[in-house]
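Participant: With the hints as extra help, turn the sequences into a complete structure.
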Amino acid sequence: GAVVSQHPSRVICKSGTSVKIECRSLDFQATTMFWYRQFPKQSLMLMATSNEGSKATYEQGVEKDKFLINHASLTLSTLTVTSAHPEDSSFYICSARVAGVRGNEQFFGPGTRLTVL
Amino acid sequence: QKEVEQDPGPLSVPEGAIVSLNCTYSNSAFQYFMWYRQYSRKGPELLMYTYSSGNKEDGRFTAQVDKSSKYISLFIRDSQPSDSATYLCAFLEWGGSEKLVFGKGTKLTVNP
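Chains U and S, in that order, give the protein sequences. Our numbering applies: residue 140 is where the first sequence begins, and numbers increase by one. Our numbering applies: residue 81 is where the second sequence begins, and numbers increase by one.
Keep in mind that the hints are not guaranteed to be accurate.
Stretch-level coverage of chain U by chain S, calculated; a stretch enters the list once three of its residues show a Cβ under 8 Å from a Cβ in chain S [as the list claims (entries may be wrong)]: (1) 152 to 162; (2) 218 to 228.
Mimicking PhoX-like on lysine-lysine, the simulated pairs with C-alpha atoms at most 20 Å apart in a straight line are [said to hold, decoys possible]: (3) Lys179(S) to Lys203(U); (4) Lys187(S) to Lys180(U); (5) Lys82(S) to Lys179(S); (6) Lys159(U) to Lys122(S); (7) Lys180(U) to Lys122(S); (8) Lys147(S) to Lys82(S).
Calculated directly from the structure, the hints in this document are not laboratory data. Cβ coordinates follow ideal geometry from the N, Cα and C atoms, glycine included.
Facilitator: Following this line, the structure appears as structure tokens:
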């Protein structure tokens, strides 16, 4: 199956710093990638949809200036959490879509656990 | 009314038991129905996918969809300790946004 990687898997940072998370599709090209956030005992919530070469589409309530998304190539999307605060601590998961396969199946990365002190 | 309702459990069963996991939904535009399995600290992986009412079987797993009642189920036969994970139902609109809408997930533990 298609493999999606994320880096780093875990990051701890001080409040006010910025953190960059990378999402890569390893063995396929993904025109669309998605970024989700998952709080403990909560469902995955879509933050934004990222299409290669264009601006990301953010879900309602997600600050686009705080969560910067760049999808510069067909295999790489990055999420930068700017000026992170403790309330941004969460599990961030990306997925990549393979068009035409099993209802446009999304393959998920292993997630990045962000802890902001 | 929430768009998707899923009992978070936790659910604990002995090895070999039949497990039944359920979700209800309110959005009639949902036409793709999925079940994902998520192990602790990992991303979800797609288990089952269907777009029609009725049953779909894959090994020990059976996905059931009842569109009239807006109710989907996942059955696991002969459950194994390796099935211990959180199971999330997910929905996608037909021809609409690509946005997956997830349930909260049900945490399942299968005891040896």
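Participant: A separate judgement is required for each hint: does it hold in the structure or not?
Facilitator: For each hint, the structure was consulted:
1. 152 to 162: It is violated: at least three residues are needed, and the segment 152 to 162 of chain U offers just 0 whose Cβ sits closer than 8 Å to chain S.
2. 218 to 228: Since three or more residues must qualify, the claim that chain S covers the segment 218 to 228 of chain U is violated, with 0 doing so at under 8 Å.
3. Lys179(S) to Lys203(U): 18 Å, holds
4. Lys187(S) to Lys180(U): Within the cut-off at roughly 9 Å; holds.
5. Lys82(S) to Lys179(S): 16 Å, holds
6. Lys159(U) to Lys122(S): Holds. Lys159(U) to Lys122(S) sits at ~19 Å (cutoff 20 Å).
7. Lys180(U) to Lys122(S): Holds, because 14 Å separates the two Cα atoms, which is no more than 20 Å.
8. Lys147(S) to Lys82(S): At roughly 17 Å apart (the allowed maximum being 20 Å), Lys82(S) and Lys147(S) satisfy the hint.
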